[in-house]
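Spelled out, the chains give:
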Amino acid sequence: MAGARGGAPRSAAPYLFLTPAIVLFTLFLAVPIGYTVYLALRRTRVSGLGLGRGSRREVFVGLDNLRAAVTDGELWAGWLRVLGYGLIVLVVMLGLALLFALLLDSAHVRLARFSRIAIFLPYAVPGVVASLMWGFLYLPSLTPLGGLEFLSPSALTYSMANVAVWGGTGFNMLVLYTNLRAIPRSYYEAARMDGASELAIALRVKIPILVPALILTMVFSIIATLQVFTEPTALRPFTNTISSTWSPLMKVYRDAFVTGDLYSAAATSLVIAAISLVLSFGFLRLVRGRAFGESR
Amino acid sequence: MRTHRLALAAAFATLLAAGCGGTAESPAAAPSAPASSAPAGPVTLTYWTWAPNMDKIAAVWNQANPDIQVTVSKQAGGDDAAAKFLTAAKAGNAPDLVQAEYQHLPSFIAADAVADIAAETAAVKPEFSEGLWGLVTLGTESVYAIPQDSGPMMLYYRKDLFEKYGISVPKTWEEYAEAARTVHKADPKVYLGSFSSKDPGWFAGLAQQAGAQWWSISGDAWKVGINDAATTKVADFWGGLVQEGVIDDQPYFTPEWNKALNDGTQLSWPSAVWGPGVLESNAPKGKGKWAVAPLPQWNAGENFSGFWGGSSTAVSATSKNRAAAVKFATWLNTDPQGIDLLVKEAFVYPASGKGQAALGEPPAYFAESQPDFWQQAATIGSSARGFTFGPNVGVTYNAYKDAFDKALQDKSPFSASVGTMQDTTVADMQKSGFTLAQ
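First to last, the sequence lines map onto chains A and B.
Residue numbers for the first sequence follow the UniProt record's numbering, so the first one is 1 and each next one is one higher.
Residue numbers for the second sequence follow the UniProt record's numbering, so the first one is 1 and each next one is one higher.
Chain A extracted, bound-state conformation (with noise of 0.2 Å):
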């Protein structure tokens, strides 16, 4: 055989394939990351009046960068203010996208391209643009909902979750929407026939089915909360009741471009890194054997 001979190509082959994945990740995605790390580990050192050339120096400093990022109360706090927005986020848009997937896959509702066209339309709407959008309409003296303070520090939170939930419930039902599409109608035919109300089929059919998908979009929405900036950056300049670190993105924005401390913006980034993986990654062991159907 040509065995001995064709060998070397044939194995190489393989690494061939994969060079630009394996490329287009190194650059991409772990290089980055290696210089997030190793800015983690330094920070600036300045000398006398820190003026002049060569009297600041970059100096390793080990964990303190990491150490001084976990034990910062503000980001925290952070976290907690975007715990709550998250919540409140994640129930009522997955709820909304829920019912009006459903609502738009039985057969009785009408103008079901129109709505899902309106529906689905405030996602093609840039953030920054819903933000202002929005803000204006928070705004006491030009709100045409007058008497209500969007803005005070106990509305605060639901008035940002309004904007996501504005935002984001379009995708989502397109999600879930196709999903069930995709179910053979003979299912609901069968259940029809064994006696199920259309209330029924939705609960006890198209929901179990639909699990996977809402599973998936969940962990979107977890991600995407977590990783909030947008709205409370644009709402900021509007309103006292926003603060630079309200969620932990921000605190990064404010030290790497505000302050001008990319060594502590770097570490805090790890730390928000750490927290959503173990976040989206924790949520979905806890619901595996439901989603995909594996058992241990």
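Think of the hints as simulated: they come from the structure by calculation, not from any bench.
Hints are not guaranteed to be accurate.
[What the hints assert, rightly or not] Computed beta-carbon distance windows for the label pairs:
1) ALA64/B to PRO126/A: 39 to 45 Å
2) ALA59/B to LEU27/A: 38 to 44 Å
3) GLY78/B to TYR158/A: 27 to 33 Å
4) SER276/A to SER382/B: 54 to 60 Å
5) ALA274/A to ALA59/B: 48 to 54 Å
[Said to hold, decoys possible] Stretch-level coverage of chain B by chain A, calculated; a stretch enters the list once three of its residues show a Cβ under 8 Å from a Cβ in chain A:
6) 57-63
7) 233-247
8) 391-397
Every residue gets a Cβ at the ideal spot worked out from N, C-alpha and C, and that includes glycine.
Keeping the supplied structure of chain A fixed, place chain B upon it in accordance with the hints.
Relative to the frame of chain A, chain B by itself:
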């Protein structure tokens, strides 16, 4: 298909490698570039600025100087522009010239992002007041930028509504407080003015008027005095008025505030000489109704003002065409033609002493109500005092916003917020290793 994709990836990788090589090279090459090297052929300079119509001004220069061509790159301005420049400098691709607000210049210097142009600018030093020159030297032997404009503060007020509510222009802050009470009592929807927790530059100017020295250099050490008596006095004054409820607490430049200025529910604004542009666009209905006066004083008979804003033109440390860059910056800020263009096209209040001559007609917004606007500005400007800005103004200004936002929410004393600003600033400087005097 497969080869296509592979080739694409390969091309991409090469491109990236080339890009990385380029950036790694420039910082190393830059410091060795001598100031006097006059390259053959025309040089091209990039200039980051947000002054309006600067491209038109550069076009005039480019016409007359075919060997030094300036390309203006319009920036957003404010703190974001400073952050962007620092980031670009760190990445090794800073522009040749940059508009540097006085408060941000020390951060640029500390980051080694701007060049020392003392040798090239010795001739133009006499054109600027000592106070302004100090802002670009930080009191050292070096010169880091050429002053462009300054922002002496004054009180803008609604002439017609002051008459309506029967208040006279306050001469002291005590009278200002009285007027605030009178106005708000007459109509609870109306305020004399607003305290803005989003404008640290505004507060810094008021502190300067009161005689504050937030930073100073003594020998080889920084001294930080943000919570000095003068600043605390200013903070508690506004805190008292806000707590009394006779002064609004809407941040400036918000849609709410614009509306209040426009519909006459806010009657005055302690601002800077660049105020007319803001009023014209944000309160168009007030045209011909606003007038200016010196800021109220802390002690009757005194005559002081502070600075809010104002900027300079700096040459970046990595510019390969430093001599040409300084030449343009000098022309722009000290040549009669340059100053004239700055006034007429960019609407700035020039820093150069020669600038007063270029100021003729009052801003259209004030043509009826304050025809001697520029004379007023000049008198007030000569009474303005500033202070040295420190190397971490970004930290201090951010602390201002957060601390005063919190004070407004919690209704806690404003002097505590000033304390927070001081503590945050000192902690940041200590963390970085600056030598602090105490």
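Coverage criterion applied to the stretch 57-63 of chain B (partner chain A; beta-carbon cut 8 Å; 3 residues): That given contact is violated, which follows from only 0 residues of the stretch 57-63 of chain B lying within Cβ reach (below 8 Å) of chain A.
Can you take a look at whether the stretch 233-247 of chain B is actually covered by chain A? Rule is 3+ residues, C-beta closer than 8 Å. violated (count 0)
Is 27 to 33 Å respected by the C-beta to C-beta distance linking GLY78/B and TYR158/A? With Cβ atoms ~30 Å apart, the hint holds.
Lying within 39 to 45 Å: is that true of the beta-carbon distance ALA64/B to PRO126/A? The hinted range 39 to 45 Å holds for ALA64/B and PRO126/A, with Cβ atoms some 43 Å apart.
When you take the CB atoms of ALA59/B and LEU27/A, is the distance between them in 38 to 44 Å? 41 Å, holds
Quick check: the stretch 391-397 of chain B, covered by chain A? Criterion 3+ residues, Cβ under 8 Å. holds (count 4)
Check the following: the C-beta atoms of SER276/A and SER382/B are separated by a distance inside 54 to 60 Å. 57 Å, holds
So the hint says 48 to 54 Å: do the beta-carbon atoms of ALA274/A and ALA59/B match that? 53 Å, holds
Hint check: violations occur at hints 6, 7; the rest are consistent with the structure.
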